[in-house]
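Trainee: Make the full structure from the sequences, and use the hints.
These are the residues of each chain, in order.
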Amino acid sequence: MEVPILKQGEFLIATIQAALSDADLEQLRLALVQRVVRFRSRAVIVDVTAMDVMDSFASRTLREIALMIRLRGAETVIVGIQPEVAFAMVQLGLTLEGVATALDLEEGLDYLNQKFKTIN
Amino acid sequence: MAKRESPPRGSALKDPDNLELARNEAPPELLRELVAHLRQNRTHLREEWLRRISETRLLTAMTKEEIFAEATSVYDSYVEALETGTFEALQAYARNLSERIIPRGVETHEVIGIVLLLRDVLARSLFAKHQADFEKLNRILDAYEPAANRIANTVAVGFVQERERVIRQQQEAIRELSTPVLQVRERLLILPIIGVIDPQRARQLTEQLLRGIRTNRAKVVVIDITGVAAMDVTVANHLVQTVEASRLLGATVIVTGLSPEIAQTLVTIGVDLGKMNTVGDLQGGIEQAERLLGYKVVPSTEPR
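Chains as they are written, first to last, in this note's numbering: chain D, 1 to 120; chain C, 1001 to 1304.
The hints are simulated quantities; they were obtained by calculation from the structure and are not laboratory data.
Keep in mind that this is a model prediction, so the values were computed, not measured.
Residues from chain C shown here face chain D by an in silico Cβ test under 8 Å; the list is partial:
| # | residue |
| --- | --- |
| 1 | Thr1206 |
| 2 | Leu1210 |
| 3 | Arg1211 |
| 4 | Arg1214 |
| 5 | Arg1217 |
| 6 | Glu1244 |
| 7 | Ala1245 |
| 8 | Arg1247 |
| 9 | Leu1248 |
| 10 | Leu1249 |
| 11 | Gly1250 |
Ideal Cβ positions, reconstructed from N, Cα and C, are used throughout, including at glycine.
Mentor: Spelled out as structure tokens, the structure:
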């Protein structure tokens, strides 16, 4: 199942809407890394609100997405991790180190706007 | 203590089969004789019982007068239960008694001990009375023993049940009291933790905090552990995990009031201080949280 990626001004927003297979995740990684430069986006938001399970592969892929996008010159924010999912993740040692997180899409946008306002 | 009226027979008894058995074994005229004997010698037998209680050093938490008053009503209820064969009044009395004496620190073995003593005192008096007629003594004991054992059982079970009820109630109260998640400003939560944290309470704290972060849309959380003297390695690890999980929800955690012992534990488990924000006391924690949220506290222009 393909993840829709929307362009919203200077940001790209990818909303995961159901459980993803490993192949879907890899495809998402590729699509985001390609488009962030093609659209000259400043940041990417990945919304995981609909994910009620986050395994180690998904968590590692999200972290890789964030690091690769930084190398491509943009920011990444992961938004909408559910409380139960968050605690299960840290118990497995999956803490998304070095990746920005926010409560939901609105917070994520807020965080990025703040960040770019201070830079400009 | 007022003597209780025995409830109508057969009304809502706990286990009528067992009771029926006890009554079948005891021919009514023998029981009547037995009860009459116990009534007649009430004062003497009660004195003997009290003497045995203080001899075995039971009920040390109570004064002599209290023991006397309780012993009198236990004795009367006991005889009444023997007479009527219904244990409801006794059950109610045992519950009532337990309610009064549990807060005084009376232990289970003491309650069971005094009931067994009473059973023995009464049995001895039956021996003394009927020692000439062994045949009759046997029949009287046949009538007495099942009922007496059942009374001991009833009182002991009543006491233990009451104690368990009290313990359950207290656990419930502690659970409810122990985890307040409070909003002090828009998007700022504080979580004051007081007392001992065991793994179960730690799990509950984390659950409440993460849920609180989402419902209050919190950005910063101050966890104050001034009231926690020490924590073991498991709980310290759990605290670190809570901090990380909160970050995944987009909230920054500031931990305040770490005691030297807890600091030692955290260093021992090798906590990554880059992940954990700590400030000395709650005031400092709230000030830092306000800075993170962009608040600035300015004194009003006119000091009073």
